[in-house]
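Note that the protein sequences, when read in sequence, are chains A and B. Take the first sequence: its position 51, counted from the start at 1, is 93 in the working numbering, and no numbers get skipped. Take the second sequence: its position 18, counted from the start at 1, is 60 in the working numbering, and no numbers get skipped.
Worth flagging that the hints you see were computed from the coordinates, not collected in a lab. Just so you know, these numbers come straight off a predicted model, no measurement behind them. Any given hint could be a false lead.
Chain copies aren't distinguished; within one or between two, either way the pair holds.
Under the rule of at most 16 Å between Cα atoms (straight-line distance), these lysine to aspartate or glutamate pairs were calculated in the EDC-like manner [as the list claims (entries may be wrong)]:
1. Lys127 x Glu79
2. Lys71 x Asp103
3. Lys94 x Asp118
4. Lys71 x Asp119
5. Lys71 x Asp87
6. Lys130 x Asp66
There are 2 protein chains.
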Amino acid sequence: TQQLLSEPSLEAPRARPCRVSTADRRVRKGIMAHSLEDLVHKVQDVLMLANKPFSLVLEEDGTIVDTEEYFQALADDTVFMVLQKGQKWQPPSKKGSRYQL
Amino acid sequence: TQQLLSEPSLEAPRARPCRVSTADRRVRKGIMAHSLEDLVHKVQDVLMLANKPFSLVLEEDGTIVDTEEYFQALADDTVFMVLQKGQKWQPPSKKGSRYQL
Chain A
43 TQQLLSEPSL EAPRARPCRV STADRRVRKG IMAHSLEDLV HKVQDVLMLA
93 NKPFSLVLEE DGTIVDTEEY FQALADDTVF MVLQKGQKWQ PPSKKGSRYQ
143 L
Chain B
43 TQQLLSEPSL EAPRARPCRV STADRRVRKG IMAHSLEDLV HKVQDVLMLA
93 NKPFSLVLEE DGTIVDTEEY FQALADDTVF MVLQKGQKWQ PPSKKGSRYQ
143 L
């Protein structure tokens, strides 16, 4: 399959690098995604969340990302956090280590 | 009174990413908006505030944003706060966690 770069890539926006963290900030993974929908599917696979509802928020401040257009406006390498049912965004620990609970 | 811009940048300024917080800072959502009017409409939908009066202020210091031109001068990813009737802006808790009540 050949990729034409000069060609205006209509339907598919270019894949962008995303970083996805678990709610406890213990695991962070790099994932390429063309769209929010694509990212959601990949997160389901990678974190084995099939059939478990979850939402994606910005790791930095808990902003909910649930529209394609907002996703597209984010910078490359934005860090997302996966929140499953009952999980809440919390600010990173002030103590320096992100691995301290 | 007519506004003459050098270049007719037509009706739609580019959509900009905004973050919108509830007054208690428990929910923050990413919303794309072309204008203050657009943002107000989207906030009504997203936070289900139809027919409930509210105002938008800056989350950082409670500055009221109620003119289109001031909105357009704000940076991308400015954080707004929705204040409904009886709600007042309050500074973030000093205790570190925004979820502490």
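Consistency of the hints with the structure:
In this assembly of identical chains, Lys127 and Glu79 lie within 16 Å of each other by CA distance neither inside one copy nor across copies; the values are 19 Å within and 33 Å between. Taking the closest pair of Cα atoms, Lys71 and Asp103 come within 16 Å of each other only across two copies (10 Å); inside a single copy the shortest separation is 18 Å, beyond that limit. Taking CA atoms no more than 16 Å apart as the test, Lys94 paired with Asp118 passes in neither setting, with 27 Å inside one copy and 33 Å between copies. For the homomeric pair Lys71 and Asp119, the shortest alpha-carbon distance inside one copy (11 Å) is at most 16 Å, but the shortest distance between copies (19 Å) is not.
In this homomeric assembly, Lys71 and Asp87 come within 16 Å of each other (Cα to Cα) only inside a single copy, at 12 Å, whereas the closest approach across copies is 25 Å. Proximity of Lys130 to Asp66 under the C-alpha cut-off of 16 Å is found in both arrangements, the shortest distances being 10 Å within a copy and 15 Å between copies.
Taken one by one, the earlier hints fail for this structure at numbers 1, 3, listed in ascending order.
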